[in-house]
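Enquirer: Listed here are the chains, written in short residue letters.
There are 2 protein chains.
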Amino acid sequence: MNVLIVFAHPEAHSLNGSLKDFSVQQLKNAGHQVQVSDLYAMNWKAQLDAADTQAPLVGEYFHASLDSRFAYEHQQQAADITAEQEKLRWADAVIFQFPLWWFSMPAIMKGWFDRVYACGFAYGVGEHNESRWGERYGEGNLAGKRAMLVVTTGGWESHYSPRGINGPIDDLLFPIQHGMLFYPGFSVLPPVVLYQVQKAADARFASWCDTLATRLDTLATCEPIAFRRQNGGDYVIPALTLREDIAPGQSGFGVHQKR
Amino acid sequence: MNVLIVFAHPEAHSLNGSLKDFSVQQLKNAGHQVQVSDLYAMNWKAQLDAADTQAPLVGEYFHASLDSRFAYEHQQQAADITAEQEKLRWADAVIFQFPLWWFSMPAIMKGWFDRVYACGFAYGVGEHNESRWGERYGEGNLAGKRAMLVVTTGGWESHYSPRGINGPIDDLLFPIQHGMLFYPGFSVLPPVVLYQVQKAADARFASWCDTLATRLDTLATCEPIAFRRQNGGDYVIPALTLREDIAPGQSGFGVHQKR
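Protein chains in written order, with our numbering: chain A, 143 to 401; chain B, 143 to 401.
One chain only, chain A, in its complex shape:
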């Protein structure tokens, strides 16, 4: 397979840097082609703004989605955005690796999504009518590709457990896994989460690599999270609420996953 690793950590010698290097080697040893977008090393521009289009503005003022769509459709995006989109087209699987900062990804990676996910590429795709509400949540330009998060936390596993104070890790990752990955079409694999990584990191490194290796070795075969497809019949269109007869009386992130 062709595997892209999108990586966000400011220090190459960190645990995250070492885990990323291990992943590259493990994937290459298994015969995969690997590219890495090391966002800090690339000095990735995080903020979406008018410099992201080389075309004249569509309207009087910069408009994030209108100007993004125009630039995308007319091959006038900033070169760094086009390059990342090309990597996504090339990839069969994409791994997003980052330390959990403030219960989400580092700003530099959020800026990768904000900018690379152009209108017409990752959203605003497909027709909106009575039976389909665009191509998203299971359909779209990234359909057929796999995505997986590799996340490290300083906090304890119990703090991220179903009744832990930080909130359950699956719910904290839902806006990313469902909202950023499933949305443009990715099949989303269960995440690799390594907890409390500042404790005894040297002693535990080999065990973390084992965990990671197991998941990398099954990147092509592992069963994705069973998020419900938007246009598969489970949702009322255009309200996009779950049909009343499915998971009746329940609500929250969990209902959007088949159990």
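The list treats identical chains as one, so a pair stands whether inside a single copy or across any two.
Listed next, the in silico DMTMM-like pairs over lysine to aspartate or glutamate satisfying Cα-Cα at most 20 Å (straight line):
id : residue 1 : residue 2
1  : Lys-341   : Glu-202
2  : Lys-187   : Asp-222
3  : Lys-341   : Glu-272
4  : Lys-187   : Glu-153
5  : Lys-170   : Asp-359
6  : Lys-287   : Asp-359
7  : Lys-400   : Asp-376
8  : Lys-341   : Glu-269
9  : Lys-287   : Glu-228
Bear in mind the hints are in silico, worked out from the structure with no lab data behind them.
Fit chain B to the supplied structure of chain A, relying on the hints for placement.
Expert: Using the frame of chain A, we list chain B on its own:
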């Protein structure tokens, strides 16, 4: 009151820009002192990295929390970080206004939290022992201050309803409201969320301003969200799981709020 508005939108002439201007005027008219951190206008640096400290590195390599703590404690932080911390100390209330991009805040605002929330200032505060696990989730350096989100979305309100496909808006905002605001001590007010803002924006602008004005007028008096304090007796320390006799059998973000 002293009110700080932290604002993230790339275009001053946008709806978000107009709403921000309205808020400033409304607050001033009511006699409040107002400062605005307009992150795009300030060309705010989004990525946390070794340039955030002016001190020599604590270890051989850059370490986000160790070097952040050292720089904070020795007055050697980058000047833009210090300036924002000073604004937070000055403020009685802080409003964070942004468009919801990929179910979270724009990268430039995430980078405000990543960098301004230094170790020793917003996390890593207080002692950890058998009855207290640091000062956080209701305690900390920002305790006594109020915070409120003002968020715009392109999507419909039903898409963010309890069974809407995007997930309930309260759950999408939990990592921000609970994880970034309640964590360092803020009392978090219910958010102002304006939906589907790309539809008939001119015709609806006055109504949005009315909604906003009502909330700004009650900034000092409105009841905060009743998140549970970490050290208030509801959690088992150090596992930090909710006590078994509270909301028995329930899990998810909702259990961390008193009903």
